[in-house]
Structure formats: C-alpha cells, structure tokens
Amino acid sequence: MPLLGHLSLWVAFLVGLWGGITGFAGGAHRRDLQQSARHATFALFGALLVAVISLEIAIFRHDFSLEYVAAYTSRNLPTFYLWSALYAGQKGSLLFWATVLSLFAMLVQLMTSGRHRVYLPYVAAVTCAVATFFITVMLFAANPFERLAFVPLDGRGMNPQLQNPGMVFHPPMLYLGYISITIPFAFAIAALLSKRLDSDWLVAIRKWTLVSWLFLSIGLILGMWWAYVELGWGGYWAWDPVENAALLPWLVMTAFLHSVMIQEKRGMLKKWNLALIIGAWLLSIFGTFITRSGVIASVHSFTQSSVGYFFLAFLVLAAALSFALYASRLPLLEAEATLESMVSREASFLFNNLLLIGIAFSVLWGTLFPILSEAIKGTKITVGPPFFNQVNVPLGLALLAMTGIGPLIAWRRASIPNLKRQFAVPLTSGVFVLLILLVAGVRDVGALMAVSIGGFVFGTVAQEFARGARARHRQYGEPTPYAFVQLLARNRRRYGGYIVHVAIVLLFVAFAGMAFKTETEATLRPGESAELKGRDGHVYTFTHLGISQYNALNRQVTAALIDVRRDGKAIGRLRTEKRQHVDALGNPTFEPSTEVGIMSGLRVDLYVVLAGLVNGTEQAVFRFTINPLVWWVWFGGFVLVIGGLIVLWPGGAPVAVKGPSSQAGYAVKLEAER
Amino acid sequence: MLELILGIALAASATYFVLLPILRPPLESAGALSGDQGEDPGDDMSPRAVALRALKEIEFDRATGKLSDSDYEQLKAKYTQEALVAMRGESGHGKRDTGHVTAPAVTFPVSRFPCPEHGDRPEPGALFCSECGRRLGTAPGYCARCGTALADDARYCNRCGARVAA
Amino acid sequence: MTDGTRREFLIAVGAAFVSFRQTVQQSDSQTAGRVYDPQRAGRAQAPITAGDNDARIQAVEKKLRCSCGCGLDIYTCRTTDFQCTYSPGLHKEVLRLTGQGKTAQQVIDEFVAQYGQAALMAPPKRGFNLAGYFVPSIAIIVAAAVLLRVLRRWTREAAAVPVRAPVPPPPAATPEELERLQRELDRLDA
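Chains as they are written, first to last, in our numbering: chain B, 316 to 989; chain X, 2 to 167; chain W, 518 to 707.
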C-alpha cells in the first residue's frame with residue numbers, strides 16, 4: 316500500500332509541524348494550543364503507525380515496485396526476517412525511528428502526571444519537532460515509499476549478516492535507547508523554556524533517562540552478541556565508530572544517573588546535569604549521523620547518501636539552539652554549592668562523572684581523530700583498537716575502582732575511622748582475589764587489575780547488602796532473609812544500583828578473559844584433527860568429520876561437522892557453515908557468508924569457523940578459537956538489566972504522608988541552621 | 002483508489018483531532034488538577050520531603066556504619082530544623098516567618114507529652130500513656146490510638162480500626 | 518520448477534569446475550573427497566602453513582590495516598572475511614618480508630613506506646598524532662585539577678559558614694511539631 320504510506324507520511328509531517336509550532340506557541344498560557352499540541356503527538360503516532368503498517372504490508376506482499384522492498388527483501392526470505400526488513404535498510408529504519416519517537420511522545424503525554432504537567436506542551440513541541448525532522452529526511456531524501464520505474468521479478472534480498480536472530484532484536488533495542496533520550500532532552504528544554512528550573516524536572520526525567528539507559532544497555536549487549544555469533548572474528552567489541560557512537564550516549568547517561576543524585580539531595584550541579592542531558596541527546600544524533608552518512612569508515616555503515624547532510628545540519632542547528640537557550644538561562648541556574656568535605660559521596664560522584672565523561676571524550680576524540688588528522692595534516696590515518704585500548708583500559712579500571720569506592724563513602728562527610736571500617740572488608744577481598752590469581756600463575760597486568768578490583772567491588776556490594784540487612788534486622792526486627800528482600804524492595808534505587816555494579820564487575824572480568832584467548836588455524840581432511848590447549852588447562856581436540864552440502868529455503872549450505880574432545884573425552888559436536896544465499900531463481904545473491912560454530916561454557920567458549928575448502932575437496936581450512944569467559948559477558952548483561960529493572964520498578968519507595976499542599980520548589984538551605 | 006480514500010480519511014481525521022481543542026476550547030478545570038495520583042513518593046521534591054528523606058538516610062547510614070555518632074547528631078539537628086521549617090511553611094500558610102522560631106526550646110529527640118486524662122507521664126520519651134494506652138500528643142486528623150493520618154471524613158481509622166472521636 | 522532449473526544450473530557449474538580441476542589435483546581427491554559444488558563454499562583456501570600460525574607474524578599483522586576497506590587489521594580480516602581478496606595478498610607480503618629476515622619493525626616500516634600511515638592500526642606516536650594520544654589524558658588531568666579547585670572552594674564556603682560547632686544548638690520546636698515529625702518519619706518506614 317505505497318500510496319497510503321506516502322500520504323500518511325505527509326499527514327505525519329504536517330501534524331508534526333503543527334505540534335511543534337503550537338507546543339512552543341501555546342507554552343504556558345494558551346490552553347487550547349497546548350491541548351492541540353498534545354493531540355498532535357497522538358495523531359503523529361497514528362499517522363506514522365499507518366505508514367509502518369503500509370510498509371510491512373508491502374514487504375509481506377512482496378510488492379517489488381517499491382524500491383525499499385526490492386532492495387532489502389526477496390521472495391524466499393524467511394518470514395521472521397520480513398518483520399525485521401522494516402529496519403534493515405536506511406529508509407525503513409528512519410521510518411521505524413520516527414514511529415518509535417512518536418510512540419514515546421504519546422506515552423510521555425499520557426503517563427506524566429501531577430506537577431510535571433506544566434512541561435508537557437514544550438515536551439510535545441520538542442518531540443514533534445524532532446520527529447518532523449526525521450519525516451522531512453524521509454520525504455525529501457530517503458523515502459521508503461519510493462517507487463521503481465519497473466517491477467523486478469524478485470528483490471535483492473537481505474544481507475546475510477542481518478539474517479540472524481540477534482539482528483532482529485538488536486537494532487530495535489538500540490533504537491529504543493537512542494530514541495528515548497529525546498524524552499529527557501525534551502524535558503530539559505521544557506524546563507529551560509518555562510524557566511521552571513527547580514528540581515522538579517529532574518524527577519520527571521530521571522525515570523525516562525533510566526528507561527533510555529536500560530534500552531541502550533540491552534541494545535549494546537545484543538549488538539556485542541550479534542557481532543560475536545555472526546561476524547566470526549571471535550570478539551564482540553572492536554571500537555568500530557558505530558559501536559563507539561552507541562557507547563557515547565550510554566556513558567553520558569550513566570554519568571547523569573549518578574550526578575542527578577547529588578542534585579536531588581543537595582540541589583547542586585544544576586547546570587552540569589542539564590548539560591549532560593543535552594549532551595547525551597546530541598551524541599545520540601551524532602551517532603545517527605555517523606551511522607548514516609558514511610563520513611567515517613565502518614563495517615556498520617548504511618550506504619552513503621545525501622541523508623548525511625540533513626543530519627549534520629540538524630546536529631549543528633540543534634546544538635546551537637539548545638546551547639544558546641542553555642546559556643540564556645544560566646543566571647537562573649545558580650545554586651549555592653557547599654561541600655562539607657572532600658572525602659564524601661558527593662565528591663566521589665563528581666570523580667565518577669569525571670571518569671565517565673573522560674572516557675566518553677577519549678572515545679569521541681579517537682573516533683573523530685582520523686577526520687581531524689586528514690583535515691589538518693592531510694594524512695590519512697587509522698585509529699583502531701590498539702589506540703582505544705591504550706587510552707581507555709586505564710580509565711576503565713579507574714572507573715571500576717570508583718564503582719567500589721563510591722558506595723563506601725558516606726554522604727556529606729566521611730571520617731578516618733569510619734573509612735577504615737568501611738574499606739577493611741572490600742580491600743581484603745580485593746587483595747585476596749589478587750593473591751589467588753598470582754598463585755594461579757596469572758601474569759597479565761590488565762587482567763590481574765581488572766579481576767582484583769572486581770573482587771574489591773564485589774566485596775563492597777556484599778558488605779553493603781550485609782550491613783543494610785543487619786541494620787534493618789536491628790531497626791525493625793526483621794529476620795535476616797526477609798530483611799534482604801525488604802532492603803531491595805524498600806530501597807530499589809540504591810540496591811538495584813548495587814546489582815548493576817555487580818553486573819559491571821562481571822562484564823569487566825569477562826572482558827579481561829579475552830586476554831587469554833588462544834587460537835590456531837588448521838587444514839584438515841576428514842578424520843584428521845587439530846589440538847589446541849586452552850588457558851583453562853584442558854587440551855581440546857577438534858576432529859573434522861566431513862563436509863555436507865544441501866539447500867535450505869534461501870541459501871545453499873556447505874556445512875562442516877566437527878567432533879570435539881576435551882582431554883580425550885568426547886564433549887559434543889560443532890557445526891560451522893558457509894552459506895551462499897540465492898534468490899528464488901537459484902541465482903546467487905551476496906557473497907558467501909560464514910556461520911560460526913560455538914560451544915559455550917562457563918569457563919571457555921569453543922569457537923570454530925570454516926574458512927573454506929581446499930581445491931573443492933572435503934579438505935577444509937578451519938580457525939579454532941578458545942575464548943575464555945565470554946559466557947559471563949552475556950550473563951553480566953542479564954544481571955545489568957535485572958538491576959536496571961529493579962531500579963526502575965515503580966513504587967516501592969516508602970509511602971510519605973501527603974502534606975496539606977506540596978508546593979514545588981527547592982529550598983534545601985544547607986546553612987540555614989542558626 | 003481505496004488507498005487514496007483511506008489516506009484522505011486519515012488526513013481528515015488527523016486534522017479534526019488535532020484542531021479539536023482549538024475549535025472547542027477545553028474547560029479550564031478539566032484535567033488541570035488531576036493532581037498527584039500515581040506519583041512515586043520518592044519523587045516528592047518539596048523541602049519537607051527532601052529533609053525527611055535526608056533524616057531517614059542519615060539514620061540508615063549511621064546504622065550501616067557510614068556516619069559517626071557525632072556527625073550523625075549534627076546532621077540530624079540540621080535536617081530536623083529544615084523539616085520543621087518546611088512543615089511550618091506548609092501548614093501555617095499565614096505565618097511566613099519561617100526562618101526563626103521562637104517557641105520554647107525543647108530537646109530532641111522526644112519529650113514528654115501529657116495524656117489528656119492522666120496528665121504528665123513519668124516516663125521520659127513515652128509515646129503511649131502507661132495507664133490508658135492512649136497515644137500521647139495526638140493531633141486532630143490523626144488516629145488517637147496508632148497515629149495514622151486520617152481522611153477528613155473518616156469515622157474509623159484505616160489502620161487499626163479505632164473509632165475516631167467525633 | 519524453479520528447483521529443477523536450479524539443480525541443473527548447479528550441476529552444470531559444478532561439472533565444469535570439476536572437469537577443470539580434476540587434472541590439477543589428483544592427489545588430494547584420494548584422501549579428501551570432492552564436494553558436490555565447491556563454489557557454494559566461498560573462495561578456495563590454500564592449506565595452512567606454519568607461517569599462518571606463527572605468533573610473531575600474527576603480531577605484525579595485528580598492527581597493520583587491511584586495505585580492503587573493512588577497517589580491520591590484516592590478521593583479523595584474513596581469518597574472518599574469507600571472501601576478502603586483499604588480506605591474503607597482504608599476508609603473503611608479510612610472509613615474504615619476514616622470510617627475507619626482516620624484523621617486525623622493519624616489516625611495519627616497509628608497509629608504511631608503501632601504503633602510508635593509513636596502513637597502521639594505530640597512528641605512530643609522533644608529530645600531530647601525539648595530540649591524538651595525549652589530548653584525552655591531558656583533558657582529563659586538567660578537568661581533574663579544575664574539579665579539585667572547585668571542590669576546595671565549595672568546602673571552604675561550607676567551612677566559612679559556622680557549621681563546625683561541636684554541639685549544634687537544639688532545634689527550637691514545640692512538642693506537637695516534633696511529634697508530627699516523628700510520625701512522618703515512622704510513616705516513611707512502613
């Protein structure tokens with residue numbers, strides 16, 4: 316239904332424009348305009364939903380008169396991937412992006428209650444304006460409903476690398492994270508415009524930031540998983556510009572989620588928090604620009620197109636407008652800032668922010684440095700993983716240490732005896748882990764530090780839970796197991812946050828495991844085997860059993876079967892494939908792709924790749940890799956999400972008595988104690 | 002053709018829906034005062050709530066060994082003062098002299114409250130009368146037995162079921 | 518019907534390939550059977566040699582960039598993207614240069630001479646590139662210094678206010694107020 320889709324895009328464009336104008340114009344006074352902007356977000360979502368449905372109908376009907384359908388799908392594409400074809404290409408993903416944004420715009424209108432309603436007209440305006448930008452790009456540069464002059468018999472099909480379950484869920488999650496940053500940003504702009512810059516806006520956006528952070532985390536982890544199982548180099552993070560672009564807003568939002576606590580408690584850092592939110596959003600747009608413009612070479616790039624200019628212009632305009640607005644409101648953001656002590660939770664949060672923003676800056680710098688070098692010196696250079704590791708590993712380790720140090724330091728002021736009491740257990744646990752590793756013969760400095768600092772952080776979290784439960788036990792006489800549950804249920808933000816810290820430890824330990832990967836390549840005839848000693852002390856024997864070839868729905872498969880033995884004992888079989896994708900007529904499409912065989916375990920992953928055949932015989936070239944601790948990356952991601960959900964779960968906080976009137980405004984006058 | 006009709010219908014309904022509030026301006030009261038329902042109490046950023054939360058937190062921090070007793074006392078005095086100031090600011094709308102309070106100085110944490118029937122209590126810091134079990138120092142709007150805040154028109158306490166004195 | 522044409526096509530292609538290859542590689546087909554259609558399995562691979570698994574050569578290749586545009590280093594590209602036509606050639610060149618007795622650094626220098634600085638995975642630490650390496654660290658150090666100064670100012674401001682009284686004055690309040698406060702605190706526990 317291309318015509319309907321096209322029409323609905325225009326409707327969405329006009330409605331979005333209207334919503335943007337009425338929202339800003341309605342502002343604080345014109346109630347009719349405010350309501351109209353509110354309705355515009357609903358109508359926007361409706362129109363875009365119609366466009367999405369029309370595109371999906373065209374995809375499912377194999378309507379190859381549409382350029383997009385012909386370019387990214389084919390008649391023999393499995394149904395599962397027909398769904399994900401919606402965001403497999405540039406144009407469709409723009410539509411998907413705009414639709415999800417309008418969905419969030421609608422949800423925020425529906426779900427925001429109470430005092431925060433004053434911001435809603437502006438929020439509607441900002442979300443409508445951003446969505447309108449995406450619709451503009453579609454209408455004038457990348458229309459998913461563009462028609463071909465002729466109707467091909469079959470489409471080109473989907474890139475084999477995208478035909479992976481990870482790819483069905485990874486982009487939407489990442490997009491959800493990326494897109495939902497717009498909501499906190501919209502609230503920040505609303506607060507600036509309405510000049511209601513007390514701490515209320517923080518509350519309104521804290522949850523949305525957390526939602527966005529959570530989706531982005533899931534998107535990043537799924538992206539790593541997809542890279543690991545599909546791309547076949549045996550790793551999950553390569554400091555690719557597009558990966559970096561997704562990491563940047565995540566880092567900034569993490570910084571915000573920490574520093575926001577200082578503002579809530581102390582009323583400090585108003586300017587900083589606003590700048591972080593605006594920065595996170597601009598970085599998300601920057602990421603979109605990098606992904607879609609092709610200015611920086613990346614394996615993820617969509618095909619190069621004029622879309623990049625739109626994004627660049629939008630990025631510059633948005634940055635200029637938001638920071639001009641920010642600068643004009645700076646006088647309103649003055650806050651008395653006092654600090655009882657340099658050794659306090661407040662100070663430790665500030666150093667945590669310094670590290671997070673420092674990492675974000677160095678990643679951004681490394682990503683942009685090739686452009687900078689070419690512009691200034693005229694020399695093309697590559698900034699690859701060695702650069703990023705060199706700069707970011709020490710910073711990452713320092714950040715990991717802060718994860719353990721921060722919670723140990725009391726708010727407001729920490730005294731020396733107090734610090735001794737707090738640090739004893741965690742430090743012991745860290746040193747203990749270090750000694751165990753040294754005895755076990757680990758000599759890699761990075762891994763030693765990562766894991767022993769991890770032990771320290773784990774000690775911190777365990778101590779926090781134990782002391783918290785004991786305190787509840789004493790205060791309310793709850794039995795210890797119940798006190799644990801209550802601790803988590805009553806204080807979700809704090810203890811959910813600690814669970815996220817545990818997840819970060821798991822992730823770092825798993826990352827450190829990559830220092831111990833072993834790999835070898837081998838040419839094997841059927842019956843021959845290769846041996847590889849893993850760093851877990853076992854010798855793995857891989858025996859090539861044979862090659863089989865067969866046809867599947869949209870591909871011709873060449874599969875190698877491998878028998879795996881650990882120390883001579885059979886532990887299973889691995890299968891690795893070459894896939895030649897074909898169209899409905901049996902003609903090859905795309906280059907042959909590789910399917911990795913993975914046997915995942917708690918200690919090591921066995922990772923086998925079929926490189927190819929020698930002279931068309933069953934003699935085949937394989938790459939065998941033993942990747943330690945990769946399973947813990949996925950598990951760490953899972954724990955991270957659980958922790959995030961605990962923090963996010965509504966309710967749970969103690970029920971306060973409602974006062975006669977809850978007047979807005981912040982007035983924690985710290986020196987008001989005469 | 003069908004698509005065109007659907008598209009026009011979509012455009013028409015979107016236009017109607019978006020312009021509805023302007024064509025028929027909403028009543029001022031509608032929706033404007035839907036109030037605070039569904040809000041997380043932890044989100045309350047009023048000075049009173051902030052100070053109360055800070056008081057709870059330092060108590061917990063002391064219990065978990067993060068604050069020394071002297072720091073605790075000092076901070077507690079500070080946030081108590083803030084909470085009191087905020088509470089006065091909220092309840093007594095009339096008197097705006099929030100800063101300095103000239104009421105007789107009382108030592109914190111708890112002092113004695115007289116029982117309405119049995120007079121002054123011998124135990125310092127008593128919360129209940131040791132003769133009749135009545136909660137001491139109750140105020141109108143709070144349950145006399147357990148202290149729960151009551152709705153204006155409540156006839157029984159929603160927590161302990163005690164009858165509310167008329 | 519499509520299936521039939523596809524099979525015919527494949528058999529034709531396969532047969533052509535087999536007849537072409539059979540004369541060349543008699544020896545292999547004795548121990549490893551010929552597969553039905555080798556073309557489906559991507560580019561034919563050469564048997565692995567000791568040089569391919571040599572850790573020193575891999576270390577060199579991990580520092581050099583593949584010129585196919587993948588953005589990966591030569592080692593990762595040749596062991597991941599088996600369709601790449603550049604990385605096997607670059608690998609052979611590394612092998613050739615190492616075979617001539619060149620050290621790792623000499624091989625890398627040779628590549629830089631031939632392909633420019635873009636051949637390196639990380640830019641050499643000299644000239645303008647130093648900015649690439651040190652700007653982030655310097656920025657963080659400067660930011661840390663600024664942060665420390667700001668913190669010190671804040672703590673001084675806090676100290677200037679007479680907070681440090683050893684025993685703070687008891688809050689002045691009526692019993693009713695204190696009772697209400699206590700009640701609200703109890704409520705927070707529930």
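It cannot be assumed that every hint is accurate.
Unchecked claim - Sample of chain W residues facing chain B (criterion: CB under 8 Å; computed from the structure): (1) Gly550; (2) Asp554; (3) Arg560; (4) Ala561; (5) Pro564; (6) Ser584; (7) Leu637; (8) Val652; (9) Pro653; (10) Ile655; (11) Ala662; (12) Leu664.
As the list claims (entries may be wrong) - Listing some non-contacts, in silico: residues in chain B with all C-beta distances to chain W over 12 Å: (13) Leu364; (14) Gly547; (15) Trp554; (16) Arg890; (17) Val929.
Think of the hints as simulated: they come from the structure by calculation, not from any bench. By construction, the Cβ of each residue, glycine as well, lies at the ideal position given by its N, Cα and C atoms.
Status of each hint after checking the structure:
1. Among the interface hints, the one on Gly550 (chain W) holds; its C-beta lies about 5 Å from the nearest C-beta in chain B, closer than the 8 Å criterion.
2. The closest approach between the C-beta of Asp554 (chain W) and any C-beta of chain B is roughly 6 Å, which is under the 8 Å cut-off, so the hint is satisfied.
3. For Arg560 (chain W), the interface hint holds, since its Cβ comes within 8 Å of a Cβ in chain B; the closest pair sits about 6 Å apart.
4. The criterion of a C-beta within 8 Å of any C-beta in chain B is met by Ala561 (chain W), whose closest approach is roughly 6 Å, and the hint holds.
5. With a cut of 8 Å, the hint placing Pro564 (chain W) at the interface with chain B holds, because the nearest CB-to-CB distance is about 4 Å.
6. Taking 8 Å as the C-beta contact cut-off toward chain B, the hint placing Ser584 (chain W) at the interface is violated, the least distance being around 10 Å.
7. The closest approach between the C-beta of Leu637 (chain W) and any C-beta of chain B is roughly 6 Å, which is under the 8 Å cut-off, so the hint is satisfied.
8. Using the Cβ-Cβ criterion of 8 Å, the hint placing Val652 (chain W) at the interface with chain B is satisfied: the shortest such distance is roughly 6 Å.
9. Interface restraint check for Pro653 (chain W): the shortest CB-CB distance to chain B comes to about 3 Å, inside 8 Å, so the restraint holds.
10. For Ile655 (chain W), the shortest C-beta to C-beta distance to chain B is roughly 11 Å, which exceeds 8 Å, and the interface hint is violated.
11. The restraint placing Ala662 (chain W) at the interface with chain B is violated, with a minimum CB-CB distance near 11 Å, outside the 8 Å limit.
12. The restraint placing Leu664 (chain W) at the interface with chain B holds, with a minimum CB-CB distance near 6 Å, inside the 8 Å limit.
13. Residue placement check: Leu364 (chain B) keeps its beta carbon more than 12 Å from all beta carbons of chain W (closest about 36 Å).
14. Distance check on Gly547 (chain B): its Cβ comes as close as 5 Å (rounded) to a Cβ of chain W, failing to clear the 12 Å threshold; non-interface status is violated.
15. For Trp554 (chain B), the requirement that its beta carbon stay farther than 12 Å from each beta carbon of chain W is not met, with the minimum near 10 Å.
16. The Cβ of Arg890 (chain B) lies farther than 12 Å from every Cβ of chain W, with a closest approach of about 14 Å, so its non-interface assignment holds.
17. The Cβ of Val929 (chain B) does not lie farther than 12 Å from every Cβ of chain W; its closest approach is about 6 Å, which violates its non-interface assignment.
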